[in-house]
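Dock chain B against chain A, hints included.
Protein chains: 2
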Amino acid sequence: MPFVLHEYALSGNCYKIRLTAAHVGLPLERRQYDILKGETRTAEFLSEVNANGRIPVLQLGDDFLPESNAAAFYVADGSDLIPADRFARADLLHWLFWEQYNHEPNIATVRFWRTLVGEANLTDLQRALLPGKVAAGEAALALMDAHLGRSDFFVLDRITLADIILYAYTHVAEEGGFDLQPYPNVRAWLSRVAADPAHIPITA
Amino acid sequence: MPFVLHEYALSGNCYKIRLTAAHVGLPLERRQYDILKGETRTAEFLSEVNANGRIPVLQLGDDFLPESNAAAFYVADGSDLIPADRFARADLLHWLFWEQYNHEPNIATVRFWRTLVGEANLTDLQRALLPGKVAAGEAALALMDAHLGRSDFFVLDRITLADIILYAYTHVAEEGGFDLQPYPNVRAWLSRVAADPAHIPITA
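First to last, the protein sequences are chains A and B. Numbering-wise, the numbering used here comes out as the position in the first sequence, counting from 1, plus 2. Numbering-wise, the numbering used here comes out as the position in the second sequence, counting from 1, plus 2.
Chain A extracted, bound-state conformation:
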């Protein structure tokens, strides 16, 4: 029974799951939805795939798993990408929750607004939020850079799911207008993650 990824290919949240699957060698069947046309808000999608109206969703037979970081955790579970040590496993989850609260709502949202929606098409409220999201995205990059000044990867001295999750939107942050030049440790870490033999690009 193939695993099905319900996704929008340009979304970093969807890429997280494909990149994790590449690391563990899991094939995925992919179904595309155009989020700009509201294809994840149809009655059929809401009742059959995700009541929350969002992608990605990982389908395992009759079971559906929303939330990118939970789906990626499922794919990685049992592999070296999830540390066996109890504290390291929780520390990995700390970075995944931090990503969804402090990184994605800023860096991914600014990228989405600037590249897919277009600044001219933003609502007044989105326009008012933009400077705060840019500042919070820069603060997230600075926090990552400081951490990566002390270790080569986020949780262990090798790649784990935390690096894959944080790579997804960090490596396209410049598409949203974030300059990575002030963050040399982040840039070196991006290169380390991309040099892994199992790595695939977001366009794969």
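Just so you know, these hints were derived from the structure itself, not from any lab. Just to be clear, a hint being listed does not mean it is correct.
Which chain B residues stay away from chain A? Per the calculated CB distances, all over 12 Å, these [unchecked claim]:
1) 116
2) 118
3) 181
Distance condition first, Cα-Cα at most 30 Å in a straight line; then the derived DSSO-like pairs of lysine-lysine [stated by the list, open to error]:
4) B:135 / B:39
5) A:135 / B:135
6) B:135 / A:39
7) A:135 / B:39
8) A:135 / A:39
Even for Gly, the Cβ is constructed at its ideal location relative to N, Cα and C.
Frame of chain A; chain B shown alone:
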């Protein structure tokens, strides 16, 4: 070596960890910070406790674990609160990530603004965000109510960490002005969670 919870007692995010600890019988030493006075943004807090300037943080000796849901996962890990089944474990994480993305930024933030900051003291931007956060909070409650119409608890047919995490801010949603009357399944579930012999209130 005692576990130390760096916290602000009224915060639902901090209560999550105390409630999880009560369920597994783990004693916690507690240190209070007044977030309204910026006590989690001091140079000492940023360098020694959490570079992200937020509570709760769970301290285990020299190790610090930020992010409420990651700290609660650490406390629950190895107990019945985390399902042994791989899919159920990922489904639990899906609810924890959903809580941090769709529930907490709306229901907890509106409660914080209305009860601790005060509507009169909100910035213009916060005031502009308020109606959207109220609507998103109501949508989160409606999604929970629909799910709880199909099962007594969120992931298994008994309490897990997902129920503890979602209980924390849902049970005080009315303090933020959210009316729970339209959500009978949520109200019945709140009573089931609170009836557990291991339960403690947020004021404990």
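query = Which numbered hints does this structure break?
reply = Failing hints: none at all.
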